[in-house]
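*Asks:* All chains should be built: construct the whole structure from the sequences, respecting the hints.
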Amino acid sequence: MAALNEVRDRIKSVKSTQQITKAMKLVSASKLKKATGRITTMRPYSDKLQDVLSNIMQSTDLNELQMGYNEVRPIEKVLVIVMSSDRGLCGGFNSNLIKSAKSLIHQKYPHLHQDQKITVLPIGKKSMETFGRLGIKCDTTFWELFYNLTFENASKVATFLMESYLAKEYDAIEVVYAKFKNAAVQEFTQETFLPIAKKQETVKASQSNADYIFEPSKEDLLLELIPKILKTTFFRYCLDNNASEHGARMVAMDAATNNAGDLIKKLQIEYNKARQAAITNQIMEIVGGAAALDA
Numbered sequence: 002m003a004a005l006n007e008v009r010d011r012i013k014s015v016k017s018t019q020q021i022t023k024a025m026k027l028v029s030a031s032k033l034k035k036a037t038g039r040i041t042t043m044r045p046y047s048d049k050l051q052d053v054l055s056n057i058m059q060s061t062d063l064n065e066l067q068m069g070y071n072e073v074r075p076i077e078k079v080l081v082i083v084m085s086s087d088r089g090l091c092g093g094f095n096s097n098l099i100k101s102a103k104s105l106i107h108q109k110y111p112h113l114h115q116d117q118k119i120t121v122l123p124i125g126k127k128s129m130e131t132f133g134r135l136g137i138k139c140d141t142t143f144w145e146l147f148y149n150l151t152f153e154n155a156s157k158v159a160t161f162l163m164e165s166y167l168a169k170e171y172d173a174i175e176v177v178y179a180k181f182k183n184a185a186v187q188e189f190t191q192e193t194f195l196p197i198a199k200k201q202e203t204v205k206a207s208q209s210n211a212d213y214i215f216e217p218s219k220e221d222l223l224l225e226l227i228p229k230i231l232k233t234t235f236f237r238y239c240l241d242n243n244a245s246e247h248g249a250r251m252v253a254m255d256a257a258t259n260n261a262g263d264l265i266k267k268l269q270i271e272y273n274k275a276r277q278a279a280i281t282n283q284i285m286e287i288v289g290g291a292a293a294l295d296a
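2 is the number of the first residue of the sequence shown in the working numbering; add one for each residue after it.
Keep in mind that the hints are not guaranteed to be accurate.
Unchecked claim - EDC-like cross-link-like pairs, simulated, lysine to aspartate or glutamate; straight-line CA separation at most 20 Å:
| id | residue 1 | residue 2 |
| --- | --- | --- |
| 1 | Lys109 | Glu145 |
| 2 | Lys182 | Glu77 |
| 3 | Lys103 | Asp48 |
| 4 | Lys32 | Glu145 |
Said to hold, decoys possible - Restraint-style ranges between C-beta atoms, simulated for each label pair:
| id | residue 1 | residue 2 | range |
| --- | --- | --- | --- |
| 5 | Thr141 | His114 | 17 to 27 Å |
| 6 | Gly133 | Thr42 | 30 to 40 Å |
| 7 | Lys138 | Glu271 | 50 to 60 Å |
For the record, the hints were derived by calculation from the structure and aren't laboratory data. All C-beta atoms, glycine included, are put in the ideal place defined by N, C-alpha and C.
*Replies:* Written out as structure tokens, the structure reads:
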């Protein structure tokens, strides 16, 4: 009977956990739908801005513009923005982002890492906690961005990054985030935010150059356009990462719910076997007692 009660309690516990994971899956599916809508509507706008900039760059020598955003300096100080989620229970999502960031730091900037000239700007609680434990210098000013992810709030971070680069506080700014493909697939990506790429390194010129008429001048337009593109690009990074998080959590909770169902079936079989064995023992005891009385 003690074994039966133990198995019964385990079944009850697993069923309770299954209800929780199923509810979390449904919540994540709802959030994923909203996040997917935001990134799918954002991408065409962001891509179009990139196309316009690419076309303008084809006939403009950025080195003559003295914008600062395209200034390539000897790399002595680097800022790495590492995006993650604020909560766990999303499979290997956070661990893969952290792994990608570590790979970037150790492989691309090994000497700067040894000299402690790399600063990590975590966006998300999990990346903040991880890099805080690793002893790497962290700027935790914007780690709560995903609590209220809007273009205005993302623009504040992008503005901070642009101002820091122009002030030569950093010579390169890298971003590590998860690019959203679909609910089950995320591409863990490393991209250079600043300095902006030279025209031969920008988006592939798959389209023919457009014949633009510029008013005001091409230079004035770039000075106005590039900060806007940088803000839009950074916001797209955030939306990609946010949608990827919800997709990863939905898949993880779906797998957990299915695993709980399989475990319940196994425990139910174990419970039935134990119950059958207990009933058999009771019958044998009754038969044995009756036989003793007859004797």
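*Asks:* Hint by hint, say whether it matches the structure.
*Replies:* Going through the hints against the structure:
1. Lys109 with Glu145: violated (27 Å)
2. Lys182 with Glu77: Distance ~34 Å between Lys182 and Glu77 Cα, so the pair is violated.
3. Lys103 with Asp48: violated (29 Å)
4. Lys32 with Glu145: Holds. Lys32 to Glu145 sits at ~18 Å (cutoff 20 Å).
5. Thr141 with His114: 17 to 27 Å: This hint holds: roughly 19 Å between Cβ atoms.
6. Gly133 with Thr42: 30 to 40 Å: holds (35 Å)
7. Lys138 with Glu271: 50 to 60 Å: holds (53 Å)
Checked against the numbered hints listed earlier, the structure breaks hints 1, 2, 3; every other hint is satisfied.
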